[in-house]
Amino acid sequence: MSDLTRLTAAQAADALAAGETTSVALTQAALDRIAAVEGAVHAFLHVDAAGALEQAAASDARRAAGEPLHALDGVPIAVKDVLATDGLPTTCGSKILEGWVPPYDATVVAKLKAAGLPILGKTNMDEFAMGSSTEHSAYGPTYNPWDLTRIPGGSGGGSAAAVAAFEAPLALGTDTGGSIRQPGAVTGTVGVKPTYGGVSRYGLVAMANSLDQVGPVTRTVLDAALLHDLIGGHDPLDSTSIDQPLPDLVAAAREGAAGDLSGLKVGVITELSGDGYQAGVLARFQESVDLLVKAGAEVVEVSCPNFVHALATYYLIMPCEASSNLAKFDAMRYGLRVLPEGIDNPSAEDVMRASRDAGFGDEVKRRIILGTYALSSGYYDAYYGTAQKVRTLITRDFDAAFEQVDVLVSPTAPTTAFELGEKLDDPIAMYLNDLATIPANLAGVPGISLPSGLADEDGLPAGFQILAPALADDRLYRVGAALEAALEAQWGAPLLDKAPSLDGDSA
Amino acid sequence: MSDTLVAFDDVLASYDPALGLEVHVELNTATKMFCGCPAVFGGEPNTQVCPTCLGLPGAMPVVNGKAVESAIRIGLALNCEIAEWCRFARKNYFYPDMPKNFQTSQYDEPICFEGWMDVDVDGETFRVEIERAHMEEDTGKSLHVGGATGRIHGADYSLVDYNRAGIPLIEIVTKPIRGAGAKAPAVARAYVSQLRDLIVALGVSEARMDQGNLRADVNLSLAPKDSGTLGTRTETKNVNSFRSVERAVRYEMQRHAAILDSGGAIFQETRHWHEDTGVTTSGRPKSDADDYRYFPEPDLVPVAPSREWVEELRGTLPENPVERRARLQAEWGYTDLEMRDVVASGLLGPIEETVAAGASAQAARKWWIAELTRRANDAGVDVVDLGVSPAQVAAVQALVDAGTINDKLARQVFDGLLAGEGTPEEIVAARGLAVVSDDGALGAAVDAAIAANPDVADKIRDGKVAAAGALIGAVMKEMRGQADAARVRELILEKLA
Chain A
1 MSDLTRLTAA QAADALAAGE TTSVALTQAA LDRIAAVEGA VHAFLHVDAA
51 GALEQAAASD ARRAAGEPLH ALDGVPIAVK DVLATDGLPT TCGSKILEGW
101 VPPYDATVVA KLKAAGLPIL GKTNMDEFAM GSSTEHSAYG PTYNPWDLTR
151 IPGGSGGGSA AAVAAFEAPL ALGTDTGGSI RQPGAVTGTV GVKPTYGGVS
201 RYGLVAMANS LDQVGPVTRT VLDAALLHDL IGGHDPLDST SIDQPLPDLV
251 AAAREGAAGD LSGLKVGVIT ELSGDGYQAG VLARFQESVD LLVKAGAEVV
301 EVSCPNFVHA LATYYLIMPC EASSNLAKFD AMRYGLRVLP EGIDNPSAED
351 VMRASRDAGF GDEVKRRIIL GTYALSSGYY DAYYGTAQKV RTLITRDFDA
401 AFEQVDVLVS PTAPTTAFEL GEKLDDPIAM YLNDLATIPA NLAGVPGISL
451 PSGLADEDGL PAGFQILAPA LADDRLYRVG AALEAALEAQ WGAPLLDKAP
501 SLDGDSA
Chain B
1 MSDTLVAFDD VLASYDPALG LEVHVELNTA TKMFCGCPAV FGGEPNTQVC
51 PTCLGLPGAM PVVNGKAVES AIRIGLALNC EIAEWCRFAR KNYFYPDMPK
101 NFQTSQYDEP ICFEGWMDVD VDGETFRVEI ERAHMEEDTG KSLHVGGATG
151 RIHGADYSLV DYNRAGIPLI EIVTKPIRGA GAKAPAVARA YVSQLRDLIV
201 ALGVSEARMD QGNLRADVNL SLAPKDSGTL GTRTETKNVN SFRSVERAVR
251 YEMQRHAAIL DSGGAIFQET RHWHEDTGVT TSGRPKSDAD DYRYFPEPDL
301 VPVAPSREWV EELRGTLPEN PVERRARLQA EWGYTDLEMR DVVASGLLGP
351 IEETVAAGAS AQAARKWWIA ELTRRANDAG VDVVDLGVSP AQVAAVQALV
401 DAGTINDKLA RQVFDGLLAG EGTPEEIVAA RGLAVVSDDG ALGAAVDAAI
451 AANPDVADKI RDGKVAAAGA LIGAVMKEMR GQADAARVRE LILEKLA
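If you read the protein sequences in the order shown, they are chains A and B. Under full-length UniProt numbering, the first residue of the first sequence carries the number 1, and numbering increases by one thereafter. Under full-length UniProt numbering, the first residue of the second sequence carries the number 1, and numbering increases by one thereafter.
It is worth saying that the hints were derived from the structure and are not from the lab. Keep in mind the model is a prediction, meaning the values are calculated, not measured. Note that beta-carbon positions come from the ideal geometry of N, C-alpha and C, so glycine has one too. There may be inaccurate statements among the hints.
Just so you have them, the derived chain B footprint on chain A, three or more residues with Cβ under 8 Å [claimed, not checked]:
#: 1; stretch: 99 to 109
#: 2; stretch: 204 to 211
Straight-line distance between alpha carbons at most 30 Å, and here's what the computed DSBU-like set of lysine-lysine pairs gives [as the list claims (entries may be wrong)]:
#: 3; chain 1: B; residue 1: Lys495; chain 2: B; residue 2: Lys459
#: 4; chain 1: A; residue 1: Lys95; chain 2: B; residue 2: Lys141
#: 5; chain 1: B; residue 1: Lys237; chain 2: B; residue 2: Lys175
#: 6; chain 1: B; residue 1: Lys91; chain 2: A; residue 2: Lys365
#: 7; chain 1: A; residue 1: Lys95; chain 2: B; residue 2: Lys459
#: 8; chain 1: A; residue 1: Lys389; chain 2: B; residue 2: Lys91
#: 9; chain 1: A; residue 1: Lys294; chain 2: A; residue 2: Lys265
#: 10; chain 1: B; residue 1: Lys183; chain 2: B; residue 2: Lys141
#: 11; chain 1: A; residue 1: Lys498; chain 2: A; residue 2: Lys294
Work the whole structure out from these sequences, hints included.
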């Protein structure tokens, strides 16, 4: 096998099953690739080469012993640094957690370990998942493998870049307002935000508990289905996780790949198009819609009038929850501890204040202040209360839309990857990146982003978003796999084959 | 520096007191409110902890169903409505003993609301209205090291034990209690005392005030007499005995009155109760504007107890303590005074069990209230922890009733029980305590007593039967208390007839 890092997870799993390669070989290939390109990409905050190889060797031993194996046993994976990993540092991209090593695994991480996926390391992210560019990481930005002067999206830019740069075939991300899907769009990868409650959040360091969801970051729709199937399902440790079986996601992806969408009704969301959307992004979006029609789907336009309030609603609910979630970082039990200058015998409160001041970055402080203010007595009803009402209206828009159509579609992000630093001084411009992804989080419905091609203006990837009703995650995979197959038939190869190789070889 | 106080009677001449009581009940569930850690008292610091109750990043809470059940049973016993749907809320504030810097509690959607409890004070019944009873988690425990007082001020450093963090609490809040007047301190005490009886009867908490299982915060305000208004209140925290509840109310009434009389204003604040000196001191300012930024806990789903379950739990409620007391008093024929002593001693349960095991109500009361309470006081333990069971007390009394032993010998049987010498019957046999009623043995002792006391014998022969007591005493002394006193008397009178 020439380059193991180019295999999709499904192909790697097949090669393992056929005895054509080993987990150690796959894992070592990924680690070699990481060593070769990390200097340019900086997708990882921590690489656990020894641990990954040990898990890979254990996988190979299981296989040799003929033990029953999960489909992805032995396929290496990267994990966003917001998920607790027993024995591996977990910083959430923040100085305040520098050096913290959790004594426990997030449920999704425990599932990866139980299924035998070697964990390559922890990926970079905006601090506490707050951002759309990964520039808010306290440990420096991640660079977009398509163009190293550009952002990889965020907050999960590390996971998306790692997969796009062939450093890992699979990664876990988390999506609160688009942090899986928007990085997927700007790096030419596939990202899925499952139905809220479909994947356990236990061990996910919460930004906004009612919006956060763990999901797969991959290069193909089928790989995403395989990973989603592995991490999904009820968890008694997460009260908000749904106690019913997942639909058959892998079967849906395989069925979709056959390319027949007859009988499917697709709704194009009126409000998620037009002003503010880059021309090349819209052109690629329209081509994909045309391909869906060609595959037999019926396409109509659907209005979701309250979506125009989604961003404002999100920027009240999310900071309110975040301001409370982040209160625990106070230097009393773990993490950064800073003694205030110029105070003799500082009190606990003095130490908390100094540590939080030194440990949190500006964007985190901005959201803590926003949330603290919005929850304050006298403002609660006007802000948090009103936002929850609008959230209900947005959910009703989805309900009404899904009475007319099976899935909704839109561009994932309004633009392709922008330049590093371009929006750092303009939070509102940064927030606008998530305009199209936020409604799904507010309503708890699942969404997928897959590449729709390169924008004409800049030759950078654009993303196509598919949204389905809650619990109907299988529709994402059926429609996504059909579109992916149609696009690749047009391109003649996966889109990522057009990305720079990063290691000096020609692409 | 001590507060100026107004004489209690003078307080009532000018002011109407209003009371409010907040009682925290630590539940005796096997595990904590939101995780699987054991909910146990004591233990090496920070050993009963996990990622959830330590508030580690990423960890999540799961509601303890047994705690919800206990909350509902408490609510039903307090005649509350049980919410069909309610949520937990986060109470946000920074303090080192709170692992998450928010307490998961309930805010505007308590599980129990709008109830009442009737309390008896000297034969008068006061209806205390319950505003709410809600579920929450306890905090960790701070230990301030160095400094004189054990308080944070002046301490060298502080340690925190999180074993207590996450233990389920039910907070029971009354509406303002008005119109109690001079009885306000007694009403406060009676409420807490009867609430504790209720909690014990429900079996949902150890309910020991000295161990902090049951903690009372006492709110008090004074308003100008007959004004119908409510004054500014103070909240005296963690008053941990019934007597202290009464004393704290009385003290705050006297202190408030002194301030108001001198034209001052009450400053809304929390206050600390000092058991040793019987005074309160200023805590921290507290205002209704304290901003805890409550919002619904997004990591938990709403609690929605089905009506069927609530009714099922209603069926498990024990007899109402007030009704139970009235029933038992009638059954046992105790005077009001006797009953009050029994209730105040917390011996209603043991006496009930002793009666159920066959003893008469008066005998059961006599042994528990007099003999065993005295022994417990001597040993410095609670009488129920002395080591004598109701069944044993009943067995001792049965031996008395059968004439095998008398009361004096029974005390020696209790000595044997406390020394672990076996059953009362075994102790009587082993110690040779049985009363002698054999005429042969008794006759010799009576003859000896008559011979030794000829003056007394003559008096009896002359018809002064009451003088027989002296001879009985002599016989008893000779027989080391083991004579059947009634038979001795008969023999004396026969021989001197």
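Do the hints match the structure? See the list:
1. Interface restraint, the stretch 99 to 109 of chain A with chain B: holds (5 residues with C-beta to C-beta distance below 8 Å; minimum three).
2. Given a C-beta distance limit of less than 8 Å, the hint that chain B covers the stretch 204 to 211 of chain A holds, as 6 residues qualify and 3 suffice.
3. A hinted pair counts as satisfied when its Cα atoms are at most 30 Å apart, and B/Lys495 with B/Lys459 qualifies at roughly 13 Å.
4. As the CA atoms of A/Lys95 and B/Lys141 are separated by approximately 29 Å, the hinted pair is consistent with the 30 Å bound.
5. Restraint check: the Cα-Cα separation between B/Lys237 and B/Lys175 comes to about 17 Å, which is no more than 30 Å; the hinted pair holds.
6. A C-alpha spacing of about 20 Å is found between B/Lys91 and A/Lys365, which places the hinted pair at or below 30 Å, so the restraint holds.
7. Proximity of A/Lys95 to B/Lys459 is assessed by CA-CA distance (about 104 Å); at most 30 Å being required, the pair is judged violated.
8. With a C-alpha separation of about 22 Å, the suggested pair A/Lys389 and B/Lys91 falls inside the 30 Å cut-off, and the hint holds.
9. For the hint pairing A/Lys294 with A/Lys265, the CA-to-CA distance comes to about 13 Å; that is within 30 Å, so the pair holds.
10. Between B/Lys183 and B/Lys141 the alpha-carbon distance is near 35 Å, which puts this suggested pair outside the 30 Å criterion.
11. For the given pair, A/Lys498 sits about 25 Å from A/Lys294 by alpha-carbon distance, which is consistent with the 30 Å threshold.
Violated hints for the displayed structure, listed by number in ascending order: 7 and 10.
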